[in-house]
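Enquirer: Here are the chains, one letter per residue:
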Amino acid sequence: MIQEERYSSLEKKIAGLKRLKPRLHGHDFLLTWEKSDDDLMTVLEVAGVLREMRAANISPRVFDSGLAISNFRDNSTRTRFSFASASNLLGLAVQDLDEEKSQIAHGETVRETANMISFMSDFIGIRDDMFLGEGNRYMREVGDALDEGFDKGVLPVRPGIVNLQCDMDHPTQSMADLMHLLSVYGSPGALKGKKLVMSWAYSPSYGKPLSVPQGIIALMSRFGMNIELAYPEGYSLIPEIVEMAGRNAAESGGSFCVSHSMEESMKDADIVYPKSWAPFHIMQQRTELLKKADRQGLKELEQVCLANNAKFRDWEFDDEKLKLTKDGSALYMHCLPADISGVSCERGEVSADAFEQYRIETYREAGFKPYIIAAMMLTNRFEDPGAILEDIMRRDHRRVGIS
Amino acid sequence: MIQEERYSSLEKKIAGLKRLKPRLHGHDFLLTWEKSDDDLMTVLEVAGVLREMRAANISPRVFDSGLAISNFRDNSTRTRFSFASASNLLGLAVQDLDEEKSQIAHGETVRETANMISFMSDFIGIRDDMFLGEGNRYMREVGDALDEGFDKGVLPVRPGIVNLQCDMDHPTQSMADLMHLLSVYGSPGALKGKKLVMSWAYSPSYGKPLSVPQGIIALMSRFGMNIELAYPEGYSLIPEIVEMAGRNAAESGGSFCVSHSMEESMKDADIVYPKSWAPFHIMQQRTELLKKADRQGLKELEQVCLANNAKFRDWEFDDEKLKLTKDGSALYMHCLPADISGVSCERGEVSADAFEQYRIETYREAGFKPYIIAAMMLTNRFEDPGAILEDIMRRDHRRVGIS
Amino acid sequence: MIQEERYSSLEKKIAGLKRLKPRLHGHDFLLTWEKSDDDLMTVLEVAGVLREMRAANISPRVFDSGLAISNFRDNSTRTRFSFASASNLLGLAVQDLDEEKSQIAHGETVRETANMISFMSDFIGIRDDMFLGEGNRYMREVGDALDEGFDKGVLPVRPGIVNLQCDMDHPTQSMADLMHLLSVYGSPGALKGKKLVMSWAYSPSYGKPLSVPQGIIALMSRFGMNIELAYPEGYSLIPEIVEMAGRNAAESGGSFCVSHSMEESMKDADIVYPKSWAPFHIMQQRTELLKKADRQGLKELEQVCLANNAKFRDWEFDDEKLKLTKDGSALYMHCLPADISGVSCERGEVSADAFEQYRIETYREAGFKPYIIAAMMLTNRFEDPGAILEDIMRRDHRRVGIS
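Protein chains in written order, with our numbering: chain A, 1 to 403; chain B, 1 to 403; chain C, 1 to 403.
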């Protein structure tokens with residue numbers, strides 16, 4: 001009975017999908033702001049369908065074989081596992097491209113390697129978030145190499161690239177966050193007029209990427225929300241992205257402002273996202289020093305930066321700040337792991353009490369990411385995502401058990 | 001013809017399974033002594049059926065997708081491959097959770113990580129055998145986190161945990177060893193009255209876990225065998241587990257005793273398991289020093305321990321000791337790798353001559369482990385293992401070739 | 001329509017296969033010179049069929065489960081990915097046997113480990129190319145251990161071994177190179193009389209294995225080509241393999257000669273393969289020093305060797321040398337990565353201009369390797385490769401999408 005309801009709900013959702021006009025087929029997912037509203041809604045809807053299918057024990061496996069390359073140029077647990085989960089759900093085997101396992105560090109060009117790993121690959125997931133101006137550029141370089149390889153008959157298919165975090169955006173994170181918001185508020189329409197505060201928060205570490213806050217303000221500003229970006233003076237983000245968020249907000253009937261008081265920003269907030277990041281100008285200097293492999297310079301920059309951070313130890317999200325939000329109960333969001341005061345560090349982004357109230361919510365938030373990635377893959381590879389989802393329903397293969 | 005006989009033998013075994021009343025569905029396999037006799041017999045029978053199915057080229061794949069997380073907090077080849085083999089046989093992809101690949105070492109809580117890796121996971125295999133009082137506790141901590149995640153709707157299924165060796169037990173080893181004994185002696189009834197000697201043996205290394213000898217005496221004492229635990233004075237195991245083995249033996253109609261002479265213990269033995277381990281009190285001190293990261297203390301403890309070991313270099317299983325056993329031909333067992341005198345070390349647990357006579361037997365012994373793990377997974381996930389095995393027979397999918 | 005043509009072309013090729021009488025079933029692929037002409041043609045034809053099937057979205061998956069063990073005792077990107085791709089195409093999951101993940105380095109014998117990793121393995125791919133006289137021997141040692149394990153009932157199947165590069169041969173490379181030549185020239189008959197120059201080239205590194213040039217001259221000399229092996233005096237290969245190439249050439253109606261001038265050798269060449277390697281006698285000394293772990297000796301040898309290399313910096317393949325070849329447009333080949341002057345090093349094996357003209361060709365060349373490996377696996381496991389390929393056609397399962 002429940003199963004039958006589920007099937008009809010799934011069929012309705014798939015039918016809804018068919019009204020959208022995405023241009024996702026054959027296109028890499030590198031930045032949300034390169035994607036149309038229909039693109040975003042398609043990914044969200046497909047992710048929702050895949051999630052429901054799996055819950056109903058319907059296997060959406062659409063690859064009988066094929067590799068998904070996992071190229072992490074920085075550490076990661078949750079995104080790595082999300083990528084592995086998404087790949088596996090669709091039938092792809094993950095193959096890690098690790099520098100310690102490969103010869104890549106020894107003078108091979110990106111161009112060559114991109115082709116060498118792609119003879120039987122369907123997707124390449126890349127995380128490259130360390131250097132400002134580099135990560136996204138690297139992904140496009142890989143993409144150009146794959147285009148060339150495909151055009152010249154080297155590659156039988158053009159593998160799709162999924163941006164698993166770069167210096168500019170973290171689209172699988174921001175889209176999972178948006179999916180979480182839709183699960184809480186019900187529909188994109190319901191987001192209109194909501195106040196979302198993307199706030200800097202104190203952390204005892206330095207060099208945290210800018211891509212999460214940038215991704216959040218760039219994406220959420222497209223849904224008529226009132227976005228407030230709060231940070232201590234000096235902790236600004238890439239200016240072009242901030243400007244874009246302002247334009248987005250204006251166009252979607254929302255608003256966008258920058259403030260320099262965490263407390264002020266929290267007032268009447270519906271949604272808060274307190275998270276640390278490094279200042280834009282520090283990241284610029286850091287990138288230069290990293291390029292020059294200037295260890296002494298990096299050490300000094302870290303000291304300067306940590307000393308500067310320490311001035312803003314009161315930028316911690318705690319119960320007092322929570323009280324300032326709408327009805328004292330804004331939705332708290334975080335990409336995890338959070339620096340939790342007294343838990344993962346002496347003092348950090350959020351107090352233990354405040355975090356604990358939302359801990360399970362942040363787990364749920366994270367749980368959308370594998371489905372977002374799977375949806376990005378499916379819509380990249382299948383021209384008509386609705387049709388393939390219908391085929392999956394018709395086939396009705398169980399994920400667990402004997403069909 | 002052979003194939004037909006195999007099918008009818010398989011059908012008979014599956015029918016036999018249906019008489020057992022296990023409580024394995026939805027329960028982690030952490031310690032054999034938490035499991036009923038029917039639980040153990042069910043795992044053994046399912047393992048036997050899976051083994052025969054694979055030999056008959058019938059694929060018992062019951063997952064179309066899904067991850068099995070491999071979390072090894074200590075090195076391992078054979079158990080790692082056994083876990084990978086079992087997962088693959090059932091259709092799951094292995095995803096390693098390695099500390100060097102993840103952020104786990106950097107302040108994430110177990111609770112959070114357990115959920116983050118489990119959104120599409122069906123099983124987590126954990127080896128954590130280094131610290132007394134820690135490994136099994138860690139597994140339960142992970143289990144609690146998974147329970148919470150599942151109860152609160154974070155996880156679509158509660159992944160099962162398979163203990164791949166902890167500080168207390170090594171259930172996939174002891175169950176594989178028991179399966180080996182059953183393959184040699186024919187039935188649990190045939191084990192009654194057999195003398196099994198679990199003996200300490202000399203090794204030039206220190207800090208070997210206690211979980212194998214503990215697992216062996218705790219499990220084998222349930223089948224009416226006469227168990228003798230032999231070790232030099234001072235090399236005792238966790239007292240509670242030794243006491244339990246005594247109670248088990250009494251209840252099952254066997255006996256249990258401790259002795260301090262390898263030679264004496266070997267007399268009339270049917271089965272001998274000579275293997276090195278560190279003394280309980282040394283492991284307690286070592287755990288404290290490891291917690292404090294006291295390198296100097298650890299170095300000194302190692303010296304003391306090795307010097308102590310050296311007093312017992314004659315605790316080597318050799319042809320002389322073999323002659324003392326029943327008809328001079330007891331079954332020699334080892335979890336591998338053994339410290340073989342003149343092969344892997346100057347002097348070790350077993351002489352090269354004695355080992356060579358049983359080398360192939362020890363390989364066979366090890367070969368049961370992947371099936372034991374697969375059976376633990378299958379019985380955790382399917383309420384009626386007999387029914388799913390029947391479904392697999394009915395489907396009759398080939399493992400190799402075109403069905 | 002295109003699809004229909006493809007099907008009939010595939011059916012014709014499979015029918016052609018049936019005329020060959022290979023002895024590949026159950027035999028490891030360790031050296032091309034142990035294989036008959038029918039063996040080689042079978043592998044090439046099967047590789048071609050698998051490639052066309054995949055392009056036509058027909059999945060040649062013949063394993064429902066099973067492991068392919070990847071044992072790289074040296075770094076590698078392209079061969080590692082080729083092995084992973086081939087395994088995945090046929091339905092096998094790759095399991096890495098890495099020394100840092102295992103206990104292999106700590107006194108385990110090859111014999112034992114080979115069995116321990118093989119209870120559910122179908123193939124073991126091994127790269128071991130560092131020590132002269134060691135790599136191929138190691139593979140045979142593993143093979144003997146697997147034979148024993150299978151004969152004595154430890155292993156349910158005897159896993160096949162694929163040589164992914166040893167000290168003597170690099171058969172997956174040379175066979176992929178041959179497949180490339182056949183795709184350029186059309187048929188083995190068309191290779192007759194072609195001049196192929198396997199030339200040493202300058203590199204600022206030392207210790208490059210001999211297996212690629214050895215594999216090339218040993219294999220290509222079997223097809224009636226005129227092979228010229230060019231190197232500076234002192235840079236000879238393993239003498240027995242050079243002699244064999246001479247005999248092969250004589251028997252196949254071609255010729256074989258050694259020269260010591262890159263320029264002279266290039267005259268009228270149809271195909272050129274300029275690639276660096278270490279001199280045979282240096283590799284012998286290096287092997288001795290590595291065995292003794294003589295760091296100082298190794299350092300000194302490296303200095304001597306690099307100084308010697310530097311005398312031959314003009315052994316660079318450039319546009320001038322290209323002009324000397326047949327119509328100034330010989331086919332340039334390389335196993336990649338090449339040392340490209342001004343790109344991956346100051347001065348290397350090939351000038352940037354010359355390489356760029358053939359860059360895409362070398363990518364295509366590399367793209368045959370996964371199919372060669374898959375064909376080696378398929379012909380090892382299935383007695384009648386034509387029949388199983390027909391079964392795959394009949395089943396007509398899509399690789400991507402819903403069948």
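No wet-lab data here; the hints were simulated from the structure.
In this text, a Cβ means the ideal position worked out from N, Cα and C, and glycines have one as well.
Mixed in with the good hints, there may be bad ones.
As the list claims (entries may be wrong) - What follows is a set of in silico ranges between Cβ atoms, one per label pair, in the way DEER data are often shown:
#, chain 1, residue 1, chain 2, residue 2, range
1, A, 234, B, 284, 21 to 27 Å
2, C, 37, B, 401, 55 to 61 Å
3, A, 397, C, 193, 39 to 45 Å
4, A, 207, C, 205, 18 to 24 Å
5, A, 288, C, 329, 43 to 49 Å
6, B, 403, A, 189, 34 to 40 Å
7, C, 38, A, 151, 47 to 53 Å
8, A, 110, C, 37, 37 to 43 Å
9, C, 239, B, 310, 32 to 38 Å
10, C, 193, A, 151, 29 to 35 Å
11, A, 187, B, 38, 50 to 56 Å
12, C, 329, A, 109, 20 to 26 Å
13, A, 19, C, 3, 30 to 36 Å
14, B, 360, C, 329, 24 to 30 Å
Enquirer: Could you tell me which of the hints above the structure violates, numbers in ascending order?
Expert: 1, 2, 3, 4, 6, 7, 9, 14
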